[in-house]
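Novice: Chains A and B, in that order, give the protein sequences.
FYI, the numbering for the first sequence is 236 to 663, going by my numbering.
FYI, the numbering for the second sequence is 16 to 272, going by my numbering.
If you're looking for bench data, these hints aren't it; they were derived computationally from the structure.
Some hints here could point you the wrong way.
With the Cβ distance kept under 7 Å, some of the chain A side facing chain B (calculated, not the full set) [as the list claims (entries may be wrong)]:
1) Glu-241
2) His-242
3) Leu-425
4) Arg-427
5) Thr-428
6) Pro-429
7) Leu-430
8) Asp-439
9) Asn-440
10) Arg-443
11) Phe-446
12) Val-447
13) Gly-448
14) Tyr-449
15) Ser-450
16) Leu-457
When the alpha-carbon atoms are kept at most 30 Å apart in a straight line, the in silico DSSO-like pairs for lysine-lysine are as follows [unchecked claim]:
17) B:Lys-91 with B:Lys-217
18) B:Lys-217 with B:Lys-235
19) A:Lys-615 with A:Lys-527
20) B:Lys-91 with A:Lys-352
21) B:Lys-91 with B:Lys-235
22) B:Lys-91 with A:Lys-353
Heads up, the beta-carbon is just placed ideally off N, CA and C, and yes, glycines get one too.
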Amino acid sequence: MAATSEHLTRRDWFVWIGFAVVLVVAPLLWRSSFAQTLLSQIGIAIIACLAYNILLGQGGMLSFGHAVYSGLGSFIAIHALNLASKGQLAIPVSLLPLVGGLAGLFFAAVLGYVTTKKSGTTFAMITLGIGELVASMSLMIPEFFGGEGGISGNRVVGRPVLGITFGPQIQIYYLIAVYCFVSTAAMYALTRTPLGRMLNAVRDNPERVEFVGYSTQHVRYLAFMISGFFAGIAGGLGALNFEIVTAEVVGAARSGGYLFFVFLGGAGFFFGPIIGAVLLVIALVLLSELTKAWLLYLGIVFLIMVMYAPGGLASLIMMNLRLAVFGKLNRLWRHYIPLAVAGLIALAGAAAMIEMVYHLQLNEALGPQMGFLGLTLDAKGVAAWTGAALVLALGAGLFEWLRRGFGREWNRIQEEIAAEIARREAAA
Amino acid sequence: MNAAAPTVAVELRDVRKSFGRTEIIRGANLAVNAGERVAIIGPNGAGKSTLFNLISGRFGPTSGEIRLRGERIDGKAPYEIARRGLARSFQVSNLFTRLSVFENVRCAVLYAMGYRYAFWRFLADLKDANERAEAVIAMIKLDRRRNHLAMNLTYAEQRALEIGITIAGGADVILLDEPTAGMSRSETARFVELIRDVTVGKTLLTVEHDMGVVFGLADKIAVLVYGEVIAFDTPDAVRANARVQEAYLGSVLAQGH
Numbered sequence: 236m237a238a239t240s241e242h243l244t245r246r247d248w249f250v251w252i253g254f255a256v257v258l259v260v261a262p263l264l265w266r267s268s269f270a271q272t273l274l275s276q277i278g279i280a281i282i283a284c285l286a287y288n289i290l291l292g293q294g295g296m297l298s299f300g301h302a303v304y305s306g307l308g309s310f311i312a313i314h315a316l317n318l319a320s321k322g323q324l325a326i327p328v329s330l331l332p333l334v335g336g337l338a339g340l341f342f343a344a345v346l347g348y349v350t351t352k353k354s355g356t357t358f359a360m361i362t363l364g365i366g367e368l369v370a371s372m373s374l375m376i377p378e379f380f381g382g383e384g385g386i387s388g389n390r391v392v393g394r395p396v397l398g399i400t401f402g403p404q405i406q407i408y409y410l411i412a413v414y415c416f417v418s419t420a421a422m423y424a425l426t427r428t429p430l431g432r433m434l435n436a437v438r439d440n441p442e443r444v445e446f447v448g449y450s451t452q453h454v455r456y457l458a459f460m461i462s463g464f465f466a467g468i469a470g471g472l473g474a475l476n477f478e479i480v481t482a483e484v485v486g487a488a489r490s491g492g493y494l495f496f497v498f499l500g501g502a503g504f505f506f507g508p509i510i511g512a513v514l515l516v517i518a519l520v521l522l523s524e525l526t527k528a529w530l531l532y533l534g535i536v537f538l539i540m541v542m543y544a545p546g547g548l549a550s551l552i553m554m555n556l557r558l559a560v561f562g563k564l565n566r567l568w569r570h571y572i573p574l575a576v577a578g579l580i581a582l583a584g585a586a587a588m589i590e591m592v593y594h595l596q597l598n599e600a601l602g603p604q605m606g607f608l609g610l611t612l613d614a615k616g617v618a619a620w621t622g623a624a625l626v627l628a629l630g631a632g633l634f635e636w637l638r639r640g641f642g643r644e645w646n647r648i649q650e651e652i653a654a655e656i657a658r659r660e661a662a663a
Numbered sequence: 016m017n018a019a020a021p022t023v024a025v026e027l028r029d030v031r032k033s034f035g036r037t038e039i040i041r042g043a044n045l046a047v048n049a050g051e052r053v054a055i056i057g058p059n060g061a062g063k064s065t066l067f068n069l070i071s072g073r074f075g076p077t078s079g080e081i082r083l084r085g086e087r088i089d090g091k092a093p094y095e096i097a098r099r100g101l102a103r104s105f106q107v108s109n110l111f112t113r114l115s116v117f118e119n120v121r122c123a124v125l126y127a128m129g130y131r132y133a134f135w136r137f138l139a140d141l142k143d144a145n146e147r148a149e150a151v152i153a154m155i156k157l158d159r160r161r162n163h164l165a166m167n168l169t170y171a172e173q174r175a176l177e178i179g180i181t182i183a184g185g186a187d188v189i190l191l192d193e194p195t196a197g198m199s200r201s202e203t204a205r206f207v208e209l210i211r212d213v214t215v216g217k218t219l220l221t222v223e224h225d226m227g228v229v230f231g232l233a234d235k236i237a238v239l240v241y242g243e244v245i246a247f248d249t250p251d252a253v254r255a256n257a258r259v260q261e262a263y264l265g266s267v268l269a270q271g272h
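Build the full structure now, drawing on both the sequences and the hints.
Specialist: Listed below in structure tokens is the structure:
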């Protein structure tokens with residue numbers, strides 16, 4: 236068998252150029268200020284999620300406290316910004332994210348030294364403990380964390396350079412885009428270095444790593460610091476983007492968000508966290524506007540993914556790409572579309588019930604009437620509840636029935652592909 | 016053997032190891048010369064695997080000294096011992112399951128070739144490490160499976176990869192823990208050839224149950240019974256040893272020929 240080249244292929248270059256083009260073109264196609272805000276946050280989240288995945292996906296380290304590093308990066312960056320505003324620190328605004336990165340690196344070096352002494356469950360527990368520690372310090376040291384109100388700043392500092400003040404959102408977006416591209420490329424490069432590969436080895440089999448000359452602890456520690464650095468860059472960009480940093484950026488909810496969406500995107504593939512980051516911002520910004528019950532929906536999605544697609548969306552994409560490569564994907568569309576319809580029916584039924592409960596709890600004063608998908612439902616009426624339950628039952632039943640047919644077809648296709656591979660290998 | 020006194024590669028002096036109140040290794044002494052192939056035999060529970068774990072640093076001994084080329088290594092971490100040129104395989108294959116055959120072997124050469132924790136160089140550019148990994152894969156005859164994940168290999172292929180990872184770093188002292196366990200007779204015969212090929216010029220210690228393999232491979236045999244080395248000599252001398260006959264099954268030894 237010919238040795239596969241490990242250098243970037245032509246296709247890889249296209250992917251990277253495509254990524255750069257998307258970053259440049261997105262705000263031009265989608266010009267509203269809301270879109271710019273959304274895109275800016277996505278750019279930041281991509282860096283943070285990829286940084287988190289150096290631990291989770293590449294190194295098998297389950298951290299419950301990674302917001303500590305992005306969050307402290309945010310705080311140091313906003314303090315640096317304020318010093319720059321006062322003229323006490325000569326640093327261009329465009330380099331402040333790097334200050335955040337160095338802060339993330341510094342805290343990861345200090346706190347990570349303890350954390351990475353252990354692996355597995357103990358590691359997870361220590362990250363949880365340090366996360367709580369830093370979150371509680373945010374209340375104890377208001378001088379640094381700004382108490383309830385947080386620390387605010389103004390990103391327009393000094394004279395504009397080449398007409399760039401970083402005042403308008405579009406300018407900060409492009410700063411984020413540049414950092415996002417460079418950080419993504421750097422983190423991808425890491426996966427192709429000796430340290431990056433040994434990090435995978437530590438994930439797969441820490442014991443054997445020790446017997447080929449590596450200290451697993453040292454591998455974990457280095458990876459932890461690199462992850463902290465990039466998390467800090469994301470934090471620094473966040474500080475510039477929002478011009479305010481509050482204690483929640485170091486909190487457990489933020490840490491949990493990284494874990495949640497990186498898992499959802501797919502920790503096993505490099506691009507998984509990028510999907511996760513997009514979903515994170517959409518959920519946080521859009522879904523939370525749409526419904527008060529958004530966390531509940533996220534919880535349900537998470538549950539379903541953990542049970543049925545533990546590899547995340549990236550693994551679903553890759554499985555289907557594999558089918559496409561073997562020319563079998565079109566046989567599945569006639570399963571996917573009905574499945575999606577059945578799923579949506581079930582979702583509509585479930586959502587109606589969830590929304591009725593929330594309506595009764597939160598909007599009591601408005602009376603039992605509520606709008607849902609263009610219908611007016613009586614949240615206290617038997618009809619609405621029976622109807623919703625029937626829709627849910629119908630959707631779920633239909634889904635289950637369709638799923639069995641799909642499962643059979645899926646297995647048949649997998650067998651065909653296995654046979655095809657065996658045939659090719661025999662021929663080679 | 017040369018006229019000059021042979022150097023001792025691995026030496027155990029009164030090594031003891033207890034787990035709780037149970038003493039598994041009870042004052043083991045052994046001196047293996049550089050370039051020798053030594054098989055360690057003994058009844059089940061004699062402490063053969065424990066002895067390997069002590070030498071390779073998986074556990075530290077309770078007392079006693081272990082020396083590698085004269086240097087104390089007892090109580091050192093496995094990676095420190097590995098860096099001094101001692102490599103081991105495992106009785107149950109211990110691979111990087113989600114990495115390819117090639118990646119498995121390359122992981123085992125990186126440190127030894129000086130790339131250590133580098134994150135400023137691309138693997139693709141490490142010509143010598145990649146060539147070494149390819150050469151090892153060819154040696155263990157897994158070239159056709161180069162890009163398969165370790166977890167998708169057959170049992171015999173996994174055993175071969177286990178050996179490949181062990182020898183890849185170029186260690187000159189090799190410990191193989193039951194390399195042929197679970198293999199068919201024909202696979203075993205081929206495997207003994209493989210082991211012989213990849214350990215030319217090296218010091219080899221192997222734990223083995225198959226007496227055919229022991230007599231086919233070893234220059235010397237060490238008999239371990241209840242945590243003590245009761246005999247350490249050439250195969251013929253060991254077979255004739257009355258104490259060995261008494262303590263260990265003479266019939267097992269007779270199987271060999």
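Novice: Now look at each hint and say whether the structure bears it out.
Specialist: How the hints compare with the structure:
no. : hint                     : in the structure
1   : Glu-241                  : 4 Å, holds
2   : His-242                  : 5 Å, holds
3   : Leu-425                  : 6 Å, holds
4   : Arg-427                  : 5 Å, holds
5   : Thr-428                  : 5 Å, holds
6   : Pro-429                  : 4 Å, holds
7   : Leu-430                  : 4 Å, holds
8   : Asp-439                  : 4 Å, holds
9   : Asn-440                  : 5 Å, holds
10  : Arg-443                  : 5 Å, holds
11  : Phe-446                  : 5 Å, holds
12  : Val-447                  : 4 Å, holds
13  : Gly-448                  : 3 Å, holds
14  : Tyr-449                  : 6 Å, holds
15  : Ser-450                  : 5 Å, holds
16  : Leu-457                  : 6 Å, holds
17  : B:Lys-91 with B:Lys-217  : 22 Å, holds
18  : B:Lys-217 with B:Lys-235 : 14 Å, holds
19  : A:Lys-615 with A:Lys-527 : 19 Å, holds
20  : B:Lys-91 with A:Lys-352  : 17 Å, holds
21  : B:Lys-91 with B:Lys-235  : 27 Å, holds
22  : B:Lys-91 with A:Lys-353  : 18 Å, holds
Violated hints: none; the structure is consistent with every hint.
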